[in-house]
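Undergrad: Now for the letters of each chain:
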Amino acid sequence: MRWKNEYRAWLAALALGAALIGCGDSTDRASQSPSITGPSISEDDDADDATVYDQVDFLGNPLVSEVTIMKVNHARYNLTQPYNTAEFLPQTAAFVTNVAGRPAALAATLGSVLYPDMLVVDASKPTATAGWLSWALANGWGGRKLTDDVVDIGLTAIFSTLLSPTGASCAPFTLPLCTDNVGSNDVAFSATFPYLATPHL
Amino acid sequence: MKKPNLTRRRVVPILVAGALIGGLAAGRHLFASDHQDTPEVELSPRFDVNDVYAFPAATPGRTVLVLGTSSPLTPAATPSFAFGTKDRELYQIKVDNTGDAREDLVFQVTFTGVAGHQRVTLHGPVKPRQVGVTSSLVGGRKTVSGPVNQVLGSANGIQLFAGPRDDPFFIDLEQFFRILPDRRPSTGPLSVPPTPAGSFRAPGSAVDFLTGINDMAIVIELPTSMLVADPSHPGKFGVWGTTSRARGT
Numbered sequence: 001m002r003w004k005n006e007y008r009a010w011l012a013a014l015a016l017g018a019a020l021i022g023c024g025d026s027t028d029r030a031s032q033s034p035s036i037t038g039p040s041i042s043e044d045d046d047a048d049d050a051t052v053y054d055q056v057d058f059l060g061n062p063l064v065s066e067v068t069i070m071k072v073n074h075a076r077y078n079l080t081q082p083y084n085t086a087e088f089l090p091q092t093a094a095f096v097t098n099v100a101g102r103p104a105a106l107a108a109t110l111g112s113v114l115y116p117d118m119l120v121v122d123a124s125k126p127t128a129t130a131g132w133l134s135w136a137l138a139n140g141w142g143g144r145k146l147t148d149d150v151v152d153i154g155l156t157a158i159f160s161t162l163l164s165p166t167g168a169s170c171a172p173f174t175l176p177l178c179t180d181n182v183g184s185n186d187v188a189f190s191a192t193f194p195y196l197a198t199p200h201l
Numbered sequence: 202m203k204k205p206n207l208t209r210r211r212v213v214p215i216l217v218a219g220a221l222i223g224g225l226a227a228g229r230h231l232f233a234s235d236h237q238d239t240p241e242v243e244l245s246p247r248f249d250v251n252d253v254y255a256f257p258a259a260t261p262g263r264t265v266l267v268l269g270t271s272s273p274l275t276p277a278a279t280p281s282f283a284f285g286t287k288d289r290e291l292y293q294i295k296v297d298n299t300g301d302a303r304e305d306l307v308f309q310v311t312f313t314g315v316a317g318h319q320r321v322t323l324h325g326p327v328k329p330r331q332v333g334v335t336s337s338l339v340g341g342r343k344t345v346s347g348p349v350n351q352v353l354g355s356a357n358g359i360q361l362f363a364g365p366r367d368d369p370f371f372i373d374l375e376q377f378f379r380i381l382p383d384r385r386p387s388t389g390p391l392s393v394p395p396t397p398a399g400s401f402r403a404p405g406s407a408v409d410f411l412t413g414i415n416d417m418a419i420v421i422e423l424p425t426s427m428l429v430a431d432p433s434h435p436g437k438f439g440v441w442g443t444t445s446r447a448r449g450t
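Residue numbers (the working numbering), protein chains in the order written: chain A, 1 to 201; chain B, 202 to 450.
A portion of the hints provided could be inaccurate.
Said to hold, decoys possible - In silico DMTMM-like cross-links for lysine to aspartate or glutamate, where the CA-CA straight-line distance does not exceed 20 Å:
hint	chain 1	residue 1	chain 2	residue 2
1	B	Lys328	A	Asp54
2	B	Lys328	B	Asp431
3	A	Lys125	B	Glu375
4	B	Lys328	A	Asp49
5	B	Lys328	B	Asp301
Stated by the list, open to error - Partial pick of chain A residues on the chain B-facing surface, computed with a CB cut under 8 Å:
hint	residue
6	Gln55
7	Asp57
8	Leu59
9	Leu79
10	Gln81
11	Leu89
12	Pro103
13	Val120
14	Lys145
15	Ala171
16	Leu175
17	Asn185
18	Thr198
These are computed hints drawn from the structure, not numbers from a lab. A quick note: this is a predicted structure, and the numbers were derived from the prediction, not measured. Virtual Cβ for every residue (Gly too), placed ideally from N, Cα, C.
Chain A with its partners taken away, still in its complex shape (with noise of 0.2 Å):
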């Protein structure tokens, strides 16, 4: 349970306002092309390049969809880009006010770390940090952990006593509503690639 205790850490930062960044880098450094250093085989697959792709799905964080953007909506935010998710915020913070009947100023921090929708990774920040949302932290890594319980890090930040008192829930991390009591995989995850388990046949 070591990764709850740290996660209580973060959650608790959040609510006095630490560190909250946002993602942009404040530099404008030059965009640099990165060399591919893979190998290549020479293999014809019928590349076409007048092809065009049309949108169907995106993701960036969990939860922030699926949770908090009204159902009408969701064709909508799928067919859209981090760069244009702002317009959904309020949804999200009507969700933490209205549905879970939470305070303005929890929606107000959730929503500053949720978009733009998109995973952040702060890579100048030590690895050992990673973890869903720690970016927002001052030494997180952030991006998501395949062992992340991301279902109980969004039910304690949004219901639980941890970044207010007022209408909440419980505790974190517990009944009835702050966990599912499903805290890891069904299987055991690779320590080395492709990290994903293998599948059931």
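Please build the complex by placing chain B on the supplied structure of chain A, with the hints as guidance.
TA: Then chain B, alone, in the frame of chain A:
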């Protein structure tokens, strides 16, 4: 149990009003995934982006990106699994490393061949030809290509795996639908009206609904320096996943 009642009083009427998720065809991935939440995705599960991950690799200085997509919700029969082929579908992981929430780099993953004999090709990370919801293939030299269900590429450069894997997500979805009955799926075993509940279940009683379930995974590992804008001063980057349909198909 008074607190949950309080919460339910707030939650349920709004759900009834249609404010939230409903009609999950297969009832999976409620929280963490962009599940079958629109008619188009419901009818075309290969376009369903379930989950996106970004985490440090086992080897220092490297990062892993995962795009989990849905095949029909069956727990077995690998030969029947298939990715959408490039004449119909484009899978992308996109990266913003300049802070404007617009993709500076894309990974374009395409497939050819029939189920059981598919090949995968990766282009990227590379600057896309367009930014936004309309895409075209970057073309040019392939980064990695080969059969699905194999580890491809270089452990020092870019590694690629595409194929069925255990679905990495976990949730007590059954109990979730007892707490929020309005969100249960319209078909499948979870579509039966559940006994209402005001709490998740105790340890030992809770059930991971995704036990024994697979997804179609695309996993890419590469040096983190290839993801940031300035490798000498690694900063922030944002990651998201998309699926796209070839126009006219």
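Undergrad: Work down the list of hints and note, for each, if the structure agrees.
TA: Each hint tested on the structure:
1. Lys328/B to Asp54/A: holds, 18 Å
2. Lys328/B to Asp431/B: Roughly 15 Å between the alpha carbons, so the hint for lysine 328/B and aspartate 431/B holds.
3. Lys125/A to Glu375/B: violated, 38 Å
4. Lys328/B to Asp49/A: holds, 15 Å
5. Lys328/B to Asp301/B: Distance of about 15 Å is within 20 Å: holds.
6. Gln55: holds, 4 Å
7. Asp57: Check passed: Cβ of aspartate 57/A comes within 4 Å of chain B, closer than 8 Å.
8. Leu59: Since chain B brings a Cβ to about 4 Å from leucine 59/A, closer than 8 Å, the hint holds.
9. Leu79: OK, holds: leucine 79/A within 8 Å of chain B, min 6 Å.
10. Gln81: Holds: closest Cβ of chain B sits about 6 Å from glutamine 81/A, inside 8 Å.
11. Leu89: Hint on leucine 89/A: violated, closest Cβ of chain B at ~13 Å, above 8 Å.
12. Pro103: violated, 13 Å
13. Val120: Holds. Min distance 5 Å.
14. Lys145: holds, 4 Å
15. Ala171: violated, 10 Å
16. Leu175: Cβ of leucine 175/A sits 5 Å from chain B, so the hint holds.
17. Asn185: holds, 5 Å
18. Thr198: holds, 7 Å
In the structure shown, a violation is registered for the earlier hints numbered 3, 11, 12, 15, in ascending order.
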